[in-house]
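Colleague: Since each chain comes alone in its own frame, lean on the hints to assemble the complex.
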Amino acid sequence: MSENDNKKKNTEDRFLAEENKQRIVISPEGEEITINPLEDYFCDERPEIVAPKNKVVEKFLNWARAESLWVLGFGTGCGSIEIPPLLTPRFDAFRFGVQMRPTPRQSSVIIISGYLAVKTLKRVIRSYEQMQSPKYVIALGSCTINGGMYYDSYNTINRLDYYIPVDTYVTGCMPRPEALLAGFNHLKERIKAGKAEGANEYAEKFDWYKANQKKIIKDWNMPDYNW
Amino acid sequence: MQKIIDKLNTIFEISDIIEDSSNFSFLTCKKEQAISMITHLRDIEGFSHFVILSVVDWIEDEKFQLTYILNNPDKKIDIAIRVFIDRNNPIMDSAHHLWQHVATYQRELKEMFGIEFPNSPRLNESFILEGWDNIPPMRRDFDTNKYSEETFFPREGRTTNDPSEYMKNKLYPDEK
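Protein sequences, first through last, are from chains A and B.
For the first sequence, our numbering gives the first residue as 1, with consecutive numbering after it.
For the second sequence, our numbering gives the first residue as 1, with consecutive numbering after it.
Keep in mind that the hints were calculated from the coordinates and are not lab data.
Please read these numbers as outputs of a predicted model, since none were measured by experiment.
A hint or two may mislead.
Unchecked claim - The list that follows gives simulated cross-link-like pairs (lysine-lysine, DSSO-like), each with its CA atoms no further than 30 Å apart:
hint : chain 1 : residue 1 : chain 2 : residue 2
1    : A       : Lys215    : B       : Lys146
2    : A       : Lys218    : B       : Lys146
3    : B       : Lys146    : A       : Lys210
4    : B       : Lys7      : B       : Lys76
5    : A       : Lys119    : A       : Lys214
6    : B       : Lys146    : A       : Lys119
7    : A       : Lys214    : B       : Lys146
8    : A       : Lys205    : A       : Lys215
Claimed, not checked - A short, non-exhaustive set of chain B residues, derived as facing chain A with CB atoms under 8 Å:
hint : residue
9    : Leu129
10   : Tyr147
11   : Ser148
12   : Arg155
Every residue, glycine too, gets a C-beta built ideally from N, C-alpha and C.
Here chain B stands alone, though its shape is the one from the complex (with noise of 0.2 Å):
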């Protein structure tokens, strides 16, 4: 594992390696040089194997973390590349000539956060939510409660309870 971080060391710019066990690391980099470094991954490490492409909405950094996982079969052994885009202006390099199911992925983050992959095919083909016309409903600026109560007719008289209180005063009743 270091072997090889210390090999892409040298060819890449890398940040923020987090070592979360023996056979799992996360690398950051920088956005231009991330298709590269996962093309050298596959081509020369042996990393074949793509797990899952997911998004983290910073949106107080007003940026997009995008991580890619990718696994090395024969030698058991994990890499997710991190990697930080503009929330304003989300573009990423497509990854979809790598491996075909990267395509879908790229799909449902289109739809779900707004994230464009040029030239990634069916990118603008709804995934799940068909004729959908407001903001991407996985962005944290999205308020889904309001959109529910606007949208699906809420039912009268349903009551919710804040769960932390409800167990408080349930177990120890005479601390307030």
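So that you can see chain A by itself, here it is in the shape it has in the complex (with noise of 0.2 Å):
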């Protein structure tokens, strides 16, 4: 009952927009069906946690995952400029298994490039989520650490780890692509390692990190876990 009138107010929240609103459509048949896009588009359940199995199959499958890092494209702040020229001749991350892919289905690690308005925020948390994990969060520049020369402005965040979990941290504002070859470089190491186990801490301390994303997106209005 309690679980339905959650339901119930979510549909009813004020800053729900006109295409998620609860509504009943006609179909070709003259049936009436009802479309509650929340719970028919989205699935709200929590994510979990994925224990190695055996060492040496995850030793084997974290070698396989570190060499072939598909990043998705997506550029939050001044950062994003510095992505395209990785992927040019001259500095050509294809050679370290590094690729940009076009959705976050297909890819297995998000750059946060730079400052990251609260707005956006909630656009990169969607995006986080839909990703499969093992999934690898590359914070780059300042801002990401500590709110960089943004730290005092109303609209964007000051420490990116309370928001998603990160793996590697690139400082400079703003770093150059070989700067970010190098936190490549690093995230592999760690992967290698078995250190880089972001998706399970994010399913860990989900409640946290859900405490924190709720207290300064004030428009919540999307389900808890979207994948």
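Modeller: Right, here's the structure in full:
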């Protein structure tokens, strides 16, 4: 009963976009169908911890994961300018097994490139949750570490690790593409050593992350976990 | 330029004419006459391009200063029209019927300064700040540093230097 009430409350939320509200449509056969997009289009199940099973197999899998990093093409701040040169012959990220993918479902790495506005954080969380585990986060630039030069802004976050688990930080304002390549190599070492367990950490401290996210995203109009 | 200003002077009440350069002038006019003056400039004087609408917050005088900048692409001259409105009751007539993109500027000013433009389309939809529940952030009485410290989990150990003090100590260490 309480769960139903909760869902009902969700659908009556004043922040809810028009297309996400519960509505009745008539099918071509003339039947009345109730559509509740929050229930029908999203899954609001909690993430689960996936424990490593066999040491040898896990070591092989980690090697395979590290040598083929697929990066989500998602630019959040000024650092998104640093990513296109990475793919050009001068820096050539392909030789490290790094390539860009257009959708979160195909990617294993998300680069938070620079300052992050609250409005963008909402989209970052949705993209991050749609990625399949194991998934890794690279935080690029000072803004993701302590706010950088935007530390006193009303609309940019100060610390990224309060909202999503971060595996590698690359310092600088802005870091050059070489620094980003060094960050990729550091991430590879961590994956091979079995230390990059961001997705499991997110599942473990899920309530804490959600509380932090909801503290600053005031128009929360999506399910708690959408993947 | 002078011809246009002289002609405007006969029709509207204009004060504080500042000639910035030979092709750019600032005028100050009354709140009630502003929109009709902009319409006159657009339709009769050929100022067909709307450049920008911006606001200055004069918190000491309790006033907002709106600046409309218009451009005449044929004669290559610009006119900036300044309008002062009351800060405690910030309502201004909308100009979205003259140029469509003015509505976007007005939406931004509604969000950042809380200025009302009655009947402007999509005025109350959030523009950048989704779900903002404080006073408009670009007003000068909004303390952005305090808000950031309370909201965004600041990291310990951050130090800042006053740039003038820092450079003084670095360049002239003997002078005190």
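Colleague: Evaluate each hint against the coordinates.
Modeller: We went through each hint and held it up to the structure:
no., hint, in the structure
1, A:Lys215 with B:Lys146, "holds (16 Å)"
2, A:Lys218 with B:Lys146, "holds (18 Å)"
3, B:Lys146 with A:Lys210, "holds (23 Å)"
4, B:Lys7 with B:Lys76, "holds (18 Å)"
5, A:Lys119 with A:Lys214, "holds (12 Å)"
6, B:Lys146 with A:Lys119, "holds (20 Å)"
7, A:Lys214 with B:Lys146, "holds (20 Å)"
8, A:Lys205 with A:Lys215, "holds (16 Å)"
9, Leu129, "holds (6 Å)"
10, Tyr147, "holds (5 Å)"
11, Ser148, "holds (5 Å)"
12, Arg155, "holds (4 Å)"
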